[in-house]
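Read top to bottom, the protein sequences are chains A and B. When we follow the working numbering, the leftmost residue of the first sequence carries the number 890, and every step to the right adds one. When we follow the working numbering, the leftmost residue of the second sequence carries the number 303, and every step to the right adds one.
I should point out that these hints are in silico values taken from the structure, not numbers from a laboratory. No incorrect hints appear here.
Cross-link-like lysine-lysine pairs, in silico, BS3-like; alpha carbons within 30 Å at most: (1) A:K1039 to A:K1020; (2) B:K346 to A:K995; (3) A:K1027 to A:K967; (4) A:K1006 to B:K346; (5) A:K1020 to B:K346; (6) A:K902 to B:K349.
Computed, partial: chain A to chain B, Cβ under 8 Å: (7) Y896; (8) R898; (9) A1001; (10) G1003; (11) K1049; (12) Y1056.
Using N, Cα and C, we set each Cβ at its ideal position, and we do this for glycine too.
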Amino acid sequence: MTDSNQYQRRYWKELFELRVHVNYLEKYMEQSEFIDKFINFFLAVTSNGSICSWVIWKEYNYIWAGIIAASQLINVLKQFLPYRTRLKATSGIMRELDELSIFAEKEWFYVAEGKLKNEEINELQFEIRSKKTKSVQKHLGINTLPTKGKLLKKAKETAKTYINNFYGE
Amino acid sequence: MSEEEKIPEAPKQPASPTPAEQPDILTEKGLPPVDETPDMPPVKPPKEDQ
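Let the hints inform the model, and build the full structure from the sequences given.
Pasting the structure below:
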């Protein structure tokens, strides 16, 4: 026995997965931005604070000089840290996947209302998947994103709420 | 066949790591797989089935 809705079901899965990935990238970006801001704040405090402290407590000059040197080193090295590359990549992918998600949701109407043939639904699903893969490859290149379980869980919850609000009975 | 002519046994494949041993998942596409999907809302049958 064949499932007459199998292509609509697959399309639905694709739609949901896309929504989860948009949310996931959004949360990933937020986290990377937080790390970036934290490092910048830390560097500003340590380098400037050490200069002030050096003026006040001259007897600990080697400590303040060490802190200043370390903060300068971090400042140079931070551009090579993986989160910086990921921040740029995730921002690009997220924008494109968000647009793709809107397109997929718009097309869902035709899929759900039985206005498309199975063949057309299948083509549409693979068109979306192909665009998604191209976007990821374009921005991420040879890099990968390590999976962050907590962020993925939150992304799924947000997507479920979104789906319930707009597609729930 | 002499002892020297015998074909050496191929090294055994290492057992695949158990889920607990696996490192962070790095998917090919860089995005993690989504294992659960909410139920699909009611839909009309596809065009050719009507």
